[in-house]
Amino acid sequence: MRDAGQAQRSVVSGTQASSRSGTVAIWDLPLRVWHWALAAFVLVACVTPNTFDRLHRLAGYAVIGLLAFRLIWGMIGSRHSLFARISLKLRAAPRYILGISRGDTGRYLGLNPAGAAMLVAMLALLTVSTVTGVMQVSVRFFGVGWIEQAHSLSSNAIIALIAVHLLGTLWMSVLQRENLARAMLTGRKRVPERAQRSAQPGPSASRPSVAAKIGPETAPVTAEENVSVVPDFPPLRAAPAVAAKPPAPAPMPRSAGVHDKRLGVGR
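So in this note's numbering, spot 227 of the sequence shown is number 227, and the numbers just go up one at a time.
Everything labelled a hint here was simulated from the structure, so no lab data went into it.
Idealized CB from N, CA, C, for every residue including glycine.
A portion of the hints provided could be inaccurate.
Using C-beta positions, here's what the derived DEER-type ranges look like [stated by the list, open to error]:
{"no.": "1", "residue 1": "L153", "residue 2": "G99", "range": "26 to 34 Å"}
{"no.": "2", "residue 1": "G65", "residue 2": "A157", "range": "16 to 24 Å"}
{"no.": "3", "residue 1": "H35", "residue 2": "G143", "range": "33 to 41 Å"}
{"no.": "4", "residue 1": "Y61", "residue 2": "G143", "range": "18 to 26 Å"}
{"no.": "5", "residue 1": "D104", "residue 2": "Y61", "range": "41 to 49 Å"}
{"no.": "6", "residue 1": "V33", "residue 2": "V139", "range": "29 to 37 Å"}
{"no.": "7", "residue 1": "V144", "residue 2": "R54", "range": "17 to 25 Å"}
{"no.": "8", "residue 1": "E178", "residue 2": "L29", "range": "19 to 27 Å"}
{"no.": "9", "residue 1": "R182", "residue 2": "I162", "range": "16 to 24 Å"}
{"no.": "10", "residue 1": "G143", "residue 2": "L180", "range": "41 to 49 Å"}
{"no.": "11", "residue 1": "T186", "residue 2": "L153", "range": "35 to 43 Å"}
{"no.": "12", "residue 1": "S138", "residue 2": "H35", "range": "24 to 32 Å"}
Please work from the sequences and hints to get the whole structure.
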């Protein structure tokens, strides 16, 4: 992941980062529209059951469409929208949440491990809630007890998860001194101070880096390594050693025949 490292490269290249505001583009427009549209339709669905059934169903169908879009966008969207490294972040989520309890939040430009776990749980619960809701109004499954119970339990769990999401966003905003809700509106987040300092031109800007000279095997650890608790890629495995082939035996000398003696071979 190494989100701070990505921000550092963006600042240096000048393609995504803004030197004046000290921010970098993270969330693309389709993802931001999806986020706030999902929040609106889920809110409508939460306040309309058993009172405005038609509006409740329309909100549920809209959520299904948004879930389908998120699945597609998670495969073809921008870098911070992809599902490619969700599994790595999920494995780091317990340690990250434990660190949050001690006030150690780390620095992520995209989703942090706790946010990735929240995303997966929310998508799963929304899928269960909407699918069982559609089954409830069908002729075949109308009045089936376990479907009604699954829809009710998943909907209540979604409400509880929304509350956790709001509290977590507020808490992280206070700890990291950054308005995360505004970042989801503008799509931009603050660049780490270390990346900003490294982007400033200096006397060594025209000289190649030491890491480039000594190669990747012995390159020193940069500041970005201390930002993310999840590695960018799984550790590379060393290639198995291939046993050297034994040298071929020397050919046995053959006796000189009559033809060889005439040609003068073997003398």
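Do the hints match the structure? See the list:
Here the CB-CB span from L153 to G99 is close to 31 Å, well matched to the stated 26 to 34 Å. The hinted window of 16 to 24 Å between G65 and A157 holds, with their beta carbons roughly 21 Å apart. The given range of 33 to 41 Å is respected by H35 and G143, whose C-beta atoms sit roughly 35 Å from each other. For the hinted restraint 18 to 26 Å between Y61 and G143, the CB-CB distance of approximately 21 Å keeps it satisfied.
The hinted range of 41 to 49 Å is satisfied by D104 and Y61, whose Cβ atoms lie roughly 42 Å apart. One distance hint, 29 to 37 Å for the beta-carbon pair V33 and V139, holds here, with the actual separation near 35 Å. The hint said 17 to 25 Å for the Cβ distance between V144 and R54, and at roughly 22 Å that hint holds. About 20 Å separates the C-beta atoms of E178 and L29, a value consistent with the hinted range of 19 to 27 Å.
A C-beta distance of roughly 19 Å is found between R182 and I162, which places it inside the suggested range of 16 to 24 Å. A beta carbon spacing of about 43 Å between G143 and L180 agrees with the range 41 to 49 Å that was offered as a hint. T186 and L153 have their C-beta atoms about 36 Å apart, which keeps the hinted 35 to 43 Å range intact. The given range of 24 to 32 Å is respected by S138 and H35, whose C-beta atoms sit roughly 30 Å from each other.
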